[in-house]
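Participant: Each chain, written out:
Number of protein chains: 2
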Amino acid sequence: MKKLIVQKYGGSSVANIERIKNVARRVVSYRKKGYDLVAVVSALGDTTDELIELALRISKEPPEREMDMLLSTGEQISVALLAMAILELGYQAISLTGYQVGIVTDTAHTRARIVKIEVGKLQQELKKGKIVIVAGFQGITPQQDITTLGRGGSDLTAVALAKTLEADECEIYTDVDGVFTADPRIEPQARRIKEITYDEMLEMASLGAQVVQARSIEVAKKFDVPIHVRSSFSDNPGTMIIKEVKDMEDALVTGVTLNKNESKITICNVPDRPGIAARIFNQFSDGGINVDMIVQNVSHTKQTDISFTVSKTDSFKAMRITKKTACAIGAQDVLEDSGIARVSIVGVGMKTHPGVAAKCFETLAKEKINIEMISTSEISISCIIKKKFAEKAVRALHEQFGLGKR
Amino acid sequence: MKKLIVQKYGGSSVANIERIKNVARRVVSYRKKGYDLVAVVSALGDTTDELIELALRISKEPPEREMDMLLSTGEQISVALLAMAILELGYQAISLTGYQVGIVTDTAHTRARIVKIEVGKLQQELKKGKIVIVAGFQGITPQQDITTLGRGGSDLTAVALAKTLEADECEIYTDVDGVFTADPRIEPQARRIKEITYDEMLEMASLGAQVVQARSIEVAKKFDVPIHVRSSFSDNPGTMIIKEVKDMEDALVTGVTLNKNESKITICNVPDRPGIAARIFNQFSDGGINVDMIVQNVSHTKQTDISFTVSKTDSFKAMRITKKTACAIGAQDVLEDSGIARVSIVGVGMKTHPGVAAKCFETLAKEKINIEMISTSEISISCIIKKKFAEKAVRALHEQFGLGKR
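Protein sequences, first through last, are from chains A and B. When you line the first sequence up against my numbering, it's residues 29 to 434, in that order. When you line the second sequence up against my numbering, it's residues 29 to 434, in that order.
It is possible that part of the hints are untrue.
Okay, the calculated bits of chain A under chain B, using three or more residues with CB under 8 Å as the criterion [what the hints assert, rightly or not]: (1) 103-117; (2) 120-128.
No farther apart than 35 Å at their CA atoms in a straight line, the calculated lysine-lysine pairs in the DSBU-like style are these [stated by the list, open to error]: (3) A:LYS394 with A:LYS352; (4) A:LYS352 with B:LYS351; (5) A:LYS156 with B:LYS351; (6) B:LYS250 with B:LYS222; (7) A:LYS88 with B:LYS149.
Keep in mind that the hints were calculated from the coordinates and are not lab data. Here a beta-carbon is modelled for each residue, glycine too, at the ideal position from N, C-alpha and C.
Build the full structure now, drawing on both the sequences and the hints.
Facilitator: This is the structure in structure tokens:
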């Protein structure tokens with residue numbers, strides 16, 4: 029039987045017609061090597077952002093079902109054009125939307141979860157000898173409503189397809205040579221990571237490394253699908269995301285990440301009573317908003333401040349909900365600060381090496397950067413700081429933990 | 029039971045966010061009057077042309093299945109945005125794509141014919157009290173491939189839905205106040221036609237009047253669905269397209285049309301043998317190309333010239349097929365002339381009044397405009413002339429047949 033490879037091409041890899049033709053040539057080159065191929069494609073360049081912009085000109089909080097209807101067109105355009113480009117090269121190809129593939133999701137619009145994939149039609153087309161081009165990021169509910177899988181959802185489409193089709197390889201193509209110890213645009217000394225564990229990658233993705241979507245790594249981890257992250261602009265090897273890395277014990281810290289897409293919301297003078305925090309954050313989970321990094325001040329009076337961060341895309345909705353709840357519980361005021369950044373260090377090594385946190389805080393202190401909020405996990409430490417210090421903090425931590433080129 | 033109205037909004041009516049909001053207000057105003065509403069929407073402004081342009085940068089003859097995949101996104105964007113705009117006004121609305129409505133077509137991509145419409149889901153949504161926004165121009169084959177219905181296909185969607193849903197009214201909104209005796213941009217004296225028969229409208233649409241798509245009028249005629257063509261920018265009455273017009277006998281000519289979107293193809297020195305013409309034009313019907321106005325010169329030798337016109341969008345494909353056939357039958361050369369225009373006069377009156385053709389040719393002669401090809405039907409006369417004389421010819425004929433404002 030032929031080997032099957034699932035490839036995913038991100039928005040920057042198909043940002044314009046020349047790049048689409050380039051991707052077509054790459055896909056065909058694998059065809060010539062004898063592979064069966066499924067290519068998952070994102071929307072062209074900034075298409076998704078442009079569509080969101082259109083929607084926001086109609087409504088500050090666009091209805092989510094209609095948002096999915098709108099955004100799913102981006103990937104549909106990409107797959108049609110890529111299929112055309114492959115056909116133009118003289119190879120058989122067919123494009124399929126999420127619902128044509130049979131990617132069935134739940135009804136959580138704009139962040140749907142894949143329930144199952146009915147790959148019958150896709151496999152039929154592969155058997156006919158066609159290269160199958162799949163629209164990433166989208167699915168369909170059992171009621172035939174179009175859904176999307178959240179930011180970076182095309183990665184999830186690729187990983188889920190690789191698992192379901194039992195593909196031999198899963199490649200995620202992007203515009204950089206893999207996963208780096210820090211964003212090379214911020215830290216020129218950043219090094220490509222050859223191998224990284226699912227857990228570390230998950231943490232890095234959650235904390236701002238935008239190379240691969242966090243949820244797709246969760247799925248890859250669950251079903252042990254190795255992912256090769258690499259560049260569509262070169263033939264260089266990239267980063268393998270796998271279960272276990274042999275020389276794992278050596279590195280204390282694997283990478284430094286930065287996230288500038290969050291807002292801090294503070295509820296001032298909250299009555300200090302049991303159950304108040306639950307009441308506030310229940311509203312968010314009902315609204316489908318992920319709240320992160322919750323900090324409650326130690327209270328000396330009968331009142332306290334509660335701060336938390338949310339993604340900027342959710343901040344309008346979050347402020348609306350928070351103001352309503354604040355009013356109901358008798359809190360004084362709700363403040364939003366969008367001038368913050370989260371800088372984090374990630375590494376499985378820190379599980380077994382104490383003192384990493386202290387070293388991290390010291391490093392920032394030495395740069396005179398004030399830490400506003402802190403949160404930690406087993407393999408990461410995150411600090412919320414003023415946005416203007418973000419790049420400085422990344423460079424300082426990168427150097428402190430010896431992540432640079434040797 | 030509530031009255032049901034099907035409204036269709038063309039690309040110019042939803043060309044930008046302001047106009048979409050304007051359409052939303054119009055739809056809601058009918059809602060307030062107590063109507064059940066289905067709004068069929070075209071792609072925003074020039075979206076379809078922009079998508080075609082992208083495809084042509086990849087392939088001179090883009091594969092038609094993928095073309096439909098690509099083009100159908102235009103309407104999907106429109107319906108999502110219009111639904112958002114209506115929801116923003118506080119009214120219930122839901123957008124549906126062609127396949128979600130259940131518009132089943134044959135497999136003739138880029139010019140599919142509607143086979144049936146399964147309106148179950150649509151009617152469910154109407155019963156829930158929602159305004160249903162339907163993506164025009166598109167359908168789905170029984171094999172779940174997306175199809176489009178050809179240029180102006182949204183009109184067809186609207187008329188077919190009005191028939192299937194047994195709607196009380198079918199309105200087609202455009203950027204002009206209805207159907208005019210000539211294009212008002214060419215002939216300022218042009219007058220709005222209050223009522224016009226299906227047959228005349230069909231002829232005018234086929235001959236270049238772009239207000240309503242020809243095939244949709246065929247369907248409207250077949251099922252006797254009266255259409256009200258009107259402007260989305262005003263509350264003026266428009267043109268009623270109906271079975272019979274009372275004062276029909278009075279008008280010799282109802283309108284003058286112009287079509288500059290055709291090319292003339294000439295096969296030179298074709299051997300003058302029976303069956304040759306059939307052989308040539310069979311190739312076109314296999315390729316799905318509509319050939320129009322075929323003229324074969326009277327032959328004094330053993331050879332003849334054959335000329336015909338095709339739509340410019342088909343001309344590349346048509347030239348390829350023609351050259352191949354010309355070679356096979358031993359013809360000398362194939363020439364394409366895209367510098368032509370077709371000017372036509374239409375009117376049921378000419379059935380019973382001889383001399384209209386003569387008057388038409390005389391008028392052009394008086395203007396020193398040479399006629400290259402002529403074709404006639406029961407209720408129309410068309411002349412192919414040089415494109416540079418097109419506007420002059422329209423104005424001369426419009427005046428000659430007394431069509432101007434009184």
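Participant: Hints the structure violates: just list their numbers, smallest first.
Facilitator: 3, 4
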